[in-house]
Amino acid sequence: MLEFDGLYKAYGSNQVLEGVSFAVAPGQMFGFCGSNGAGKTTTMRIAMGLALADAGQVRWNGRPVDEAVRRRVGYMPEERGLYPKMRVGEQLTYFARLHGLDAAPAARAAASWAERLGLGERRGDRVEKLSLGNQQRVQLAAALVSEPDVLILDEPFSGLDPVGVDSLAEALLEQCRRGVPVVFSSHQLDLVERLCDAVGILARGKIVASGTVAGLRSSAVGRQLRVVAPDAPPGWAAGLPGVRVVSEQRGDTVLELGPGGDDQQVLATALTTGRVAHFAWREPTLVELFRDAVTDVREVAA
Amino acid sequence: MSTDIRPHTPAQLVRLVAGREISTRIRDKGFLIGSAVLILLILGMLVFQVVINSGADTTKIGVVGGSAGVTDALRAQGDALGTEVEVVEYADEATARSAVKDGDVDGVLLGPSGERPELLVDSGGSSTETLVQGAVQGMSVSRQLAESGVQLQAPPRVDVVALDPDADADTQAAVVALVGVVVLYSLLILFGQFVAQGVVEEKSSRVVELLLATMRPWQLLAGKVIGLGLLGLAQMLVIAVVGVAGALAFDVVDLPGRLIGTVLTVVAWFVLGYAFYASVFAAAASLVSRQEDLGSVITPASLLLVVGFVISLQAGQDPTGTLSTITSFVPGLSPLVMPVRQAAGGAEWWEVVVAVVLMLVAIATIVRVGGRIYSGALLRTGGKVKLREALHAERLT
Numbered sequence: 118m119l120e121f122d123g124l125y126k127a128y129g130s131n132q133v134l135e136g137v138s139f140a141v142a143p144g145q146m147f148g149f150c151g152s153n154g155a156g157k158t159t160t161m162r163i164a165m166g167l168a169l170a171d172a173g174q175v176r177w178n179g180r181p182v183d184e185a186v187r188r189r190v191g192y193m194p195e196e197r198g199l200y201p202k203m204r205v206g207e208q209l210t211y212f213a214r215l216h217g218l219d220a221a222p223a224a225r226a227a228a229s230w231a232e233r234l235g236l237g238e239r240r241g242d243r244v245e246k247l248s249l250g251n252q253q254r255v256q257l258a259a260a261l262v263s264e265p266d267v268l269i270l271d272e273p274f275s276g277l278d279p280v281g282v283d284s285l286a287e288a289l290l291e292q293c294r295r296g297v298p299v300v301f302s303s304h305q306l307d308l309v310e311r312l313c314d315a316v317g318i319l320a321r322g323k324i325v326a327s328g329t330v331a332g333l334r335s336s337a338v339g340r341q342l343r344v345v346a347p348d349a350p351p352g353w354a355a356g357l358p359g360v361r362v363v364s365e366q367r368g369d370t371v372l373e374l375g376p377g378g379d380d381q382q383v384l385a386t387a388l389t390t391g392r393v394a395h396f397a398w399r400e401p402t403l404v405e406l407f408r409d410a411v412t413d414v415r416e417v418a419a
Numbered sequence: 039m040s041t042d043i044r045p046h047t048p049a050q051l052v053r054l055v056a057g058r059e060i061s062t063r064i065r066d067k068g069f070l071i072g073s074a075v076l077i078l079l080i081l082g083m084l085v086f087q088v089v090i091n092s093g094a095d096t097t098k099i100g101v102v103g104g105s106a107g108v109t110d111a112l113r114a115q116g117d118a119l120g121t122e123v124e125v126v127e128y129a130d131e132a133t134a135r136s137a138v139k140d141g142d143v144d145g146v147l148l149g150p151s152g153e154r155p156e157l158l159v160d161s162g163g164s165s166t167e168t169l170v171q172g173a174v175q176g177m178s179v180s181r182q183l184a185e186s187g188v189q190l191q192a193p194p195r196v197d198v199v200a201l202d203p204d205a206d207a208d209t210q211a212a213v214v215a216l217v218g219v220v221v222l223y224s225l226l227i228l229f230g231q232f233v234a235q236g237v238v239e240e241k242s243s244r245v246v247e248l249l250l251a252t253m254r255p256w257q258l259l260a261g262k263v264i265g266l267g268l269l270g271l272a273q274m275l276v277i278a279v280v281g282v283a284g285a286l287a288f289d290v291v292d293l294p295g296r297l298i299g300t301v302l303t304v305v306a307w308f309v310l311g312y313a314f315y316a317s318v319f320a321a322a323a324s325l326v327s328r329q330e331d332l333g334s335v336i337t338p339a340s341l342l343l344v345v346g347f348v349i350s351l352q353a354g355q356d357p358t359g360t361l362s363t364i365t366s367f368v369p370g371l372s373p374l375v376m377p378v379r380q381a382a383g384g385a386e387w388w389e390v391v392v393a394v395v396l397m398l399v400a401i402a403t404i405v406r407v408g409g410r411i412y413s414g415a416l417l418r419t420g421g422k423v424k425l426r427e428a429l430h431a432e433r434l435t
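Protein chains in written order, with the numbering used here: chain A, 118 to 419; chain B, 39 to 435.
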């Protein structure tokens with residue numbers, strides 16, 4: 118279990134993190150979302166020992182993450198970084214060695230990861246000669262080459278074309294299947310929704326929502342019910358207990374059910390007006406959840 | 039797979055970093071060409087010396103019908119004229135003639151003790167002629183004096199009393215030290231630049247963030263400085279060996295022992311100077327994030343090197359002067375000035391000890407302060423970090 122526990126961090130008068138806590142289970146893919154400047158990168162840098170937390174701790178299997186643990190963490194910084202003049206193969210071997218592999222296994226791992234990420238032909242090329250997309254692959258290979266126990270990736274998908282996104286996603290899912298907890302930050306919420314078992318939404322220095330996407334949906338403010346009853350008169354649902362009408366337009370009604378609201382009663386009432394063409398709970402998208410969470414902290418905090 | 043993985047000790051990490059520095063640099067074309075040029079320069083200087091000194095070679099003179107007295111007379115005359123004389127005996131005129139024709143000897147003296155001695159030369163031969171003429175005249179004068187019954191007292195020998203018996207050797211050693219200091223200065227500038235460029239490269243390419251996720255700043259700094267330092271030392275030693283071997287082979291110096299001693303002194307001062315300047319350059323370079331900005335931060339340290347170099351040239355001429363005496367104690371200047379003073383015989387042993395101790399104290403301080411600046415500034419990319427900020431920044435120990 119990778120735990121981020123009550124992280125606080127201020128740069129001068131700018132309080133960036135105010136108690137960030139979340140946990141990632143082995144084999145879980147955790148999407149880390151938040152607006153620009155919310156503190157995602159700072160959180161990850163604290164985990165990697167590149168910034169010092171004012172308070173709080175990051176733990177791996179109950180043990181504070183220190184140098185020894187970090188050597189088993191694959192990391193991809195937001196600002197990509199490789200030696201521009203070093204060859205791909207040598208570079209990967211070097212990073213594998215820095216993470217504790219011996220010379221021969223490091224060279225083997227470098228060769229096999231270059232191959233797996235489609236860089237086999239480019240192993241002898243200097244990194245600066247590669248396209249940006251290929252440099253990104255080398256960066257990912259550098260994070261994966263030591264077969265890490267934990268992956269922490271800052272915006273790994275930014276700047277990738279759809280094919281690149283798919284192959285990176287596949288590589289990450291494979292790591293999850295291996296039992297590695299993967300944390301990655303992203304602005305591409307559709308991607309997070311598609312890939313992640315769990316998400317955390319960071320706003321104003323705190324995790325304002327976290328859990329599985331399904332869990333977030335069910336705990337979202339007042340569940341919404343969409344009823345399409347073409348013949349219903351306006352205001353047909355207004356009198357029902359525990360029901361608030363969010364919008365109503367020519368028989369297409371969105372209702373919010375609070376405590377005491379009963380969806381079966383709503384259906385029965387709707388049927389009395391005539392034909393019911395559509396009756397379903399409305400699933401909020403992650404984008405909507407994110408927007409809600411980021412705009413109104415108090416109501417969502419759970 | 040994970041059985042292959044074990045945590046590193048700090049020494050292993052330092053070694054890994056050092057290994058990367060060496061293997062990257064040793065394949066760099068610029069570095070290889072630079073090293074070749076330096077070695078060629080040293081060899082060129084040696085050849086130049088040999089050509090300058092070539093006036094003092096030996097003269098080979100053949101003699102037909104000579105004696106011990108003839109040989110002595112020829113040698114004595116050679117001494118007077120500043121050339122070494124080798125006398126070769128030939129049995130008859132015919133063999134002697136062919137020896138002159140083949141160029142085996144510079145000339146052949148026939149019948150030196152007779153009435154009409156003859157000198158055979160291939161062509162011209164004025165210096166040989168002067169020598170032989172003098173020797174024959176000398177023998178003739180002594181013979182005639184002896185025949186007239188004059189007993190010659192041995193003429194009084196002039197005893198030479200040198201007020202400074204080592205002066206010549208000192209000058210020679212000072213020249214060797216100056217050549218050494220030129221090499222030392224070039225290598226300090228070169229490898230100081232390498233360290234600085236390496237630091238900025240890691241910052242500008244942001245790879246430093248990936249590196250610091252696996253090691254501490256001081257390990258990265260130590261690996262870089264030690265790796266490049268070993269390479270610099272190796273280059274210094276190659277140049278020293280080529281230089282000394284060449285000097286001995288071409289017989290450029292009189293006292294091989296002193297030559298080697300001076301060279302070793304220069305090498306030792308290189309190690310101290312490198313530790314000093316590499317730390318300064320690394321700390322300065324960590325303040326900037328782009329190669330273009332590098333010049334502005336390393337100029338002060340480079341200037342100190344240039345000042346030291348100029349003073350050392352001056353110290354070669356005046357090793358006991360006030361300027362060279364004072365600066366030979368100043369850390370940063372001492373690696374350039376002190377070896378020249380030492381070689382020129384202008385430094386007492388305790389002065390050297392004081393200079394070395396001062397230098398070691400300075401290095402220890404610079405490594406501490408420079409390491410602080412380095413760790414404080416390393417992760418601050420974009421723009422130039424102020425020295426004060428770097429010193430007070432949070433450090434990742």
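Accuracy of the hints is not assured; some may be wrong.
[What the hints assert, rightly or not] As a list, the in silico DSSO-like pairs of lysine-lysine whose alpha-carbon atoms are at most 30 Å apart:
| id | chain 1 | residue 1 | chain 2 | residue 2 |
| --- | --- | --- | --- | --- |
| 1 | A | Lys202 | A | Lys246 |
| 2 | A | Lys202 | B | Lys98 |
| 3 | A | Lys246 | B | Lys67 |
| 4 | A | Lys323 | B | Lys67 |
| 5 | B | Lys98 | B | Lys67 |
| 6 | B | Lys98 | A | Lys246 |
| 7 | B | Lys139 | A | Lys202 |
[Claimed, not checked] Partial selection, computed: residues in chain B whose CB lies under 8 Å from chain A:
| id | residue |
| --- | --- |
| 8 | His46 |
| 9 | Leu54 |
| 10 | Leu157 |
| 11 | Val159 |
| 12 | Ser161 |
| 13 | Glu247 |
Please keep in mind that the hints were generated in silico from the structure rather than gathered at the bench.
Beta carbons are placed, not taken as given, at the ideal position from N, Cα and C, and that holds for glycine.
Here is how each hint holds up against the structure:
1. Restraint check: the Cα-Cα separation between Lys202 (chain A) and Lys246 (chain A) comes to about 9 Å, which is no more than 30 Å; the hinted pair holds.
2. Taking the CA atoms of Lys202 (chain A) and Lys98 (chain B), the gap is about 62 Å. The hint is violated against a cut of 30 Å.
3. A distance of roughly 18 Å separates the Cα atoms of Lys246 (chain A) and Lys67 (chain B); the hinted pair therefore holds under the 30 Å criterion.
4. Among the hinted pairs, Lys323 (chain A) with Lys67 (chain B) is inconsistent with the structure: their alpha-carbon atoms are about 52 Å apart, more than 30 Å.
5. With a C-alpha separation of about 49 Å, the suggested pairing of Lys98 (chain B) with Lys67 (chain B) is violated against the 30 Å cut-off.
6. Note on Lys98 (chain B) and Lys246 (chain A): the hinted pairing is violated, with a Cα-Cα distance of about 67 Å set against a maximum of 30 Å.
7. Of the supplied pair hints, the one linking Lys139 (chain B) and Lys202 (chain A) is violated, its CA atoms being roughly 65 Å apart against a limit of 30 Å.
8. Taken as an interface hint, His46 (chain B) checks out: its beta carbon lies about 6 Å from the nearest beta carbon of chain A, inside 8 Å.
9. A distance limit of 8 Å between C-beta atoms decides the matter here; for Leu54 (chain B) the minimum to chain A is near 6 Å, and the interface restraint holds.
10. A distance limit of 8 Å between C-beta atoms decides the matter here; for Leu157 (chain B) the minimum to chain A is near 71 Å, and the interface restraint is violated.
11. The interface hint given for Val159 (chain B) is violated, since its Cβ lies 66 Å from the closest Cβ of chain A, which is over the 8 Å cut-off.
12. Given hint, Ser161 (chain B) at the interface with chain A, is violated; its Cβ is 64 Å from that chain's nearest Cβ, farther than 8 Å.
13. For Glu247 (chain B), the interface hint holds, since its Cβ comes within 8 Å of a Cβ in chain A; the closest pair sits about 4 Å apart.
Figure legend: structure checked against the earlier numbered hints; hints not met, in rising order: 2, 4, 5, 6, 7, 10, 11, 12.
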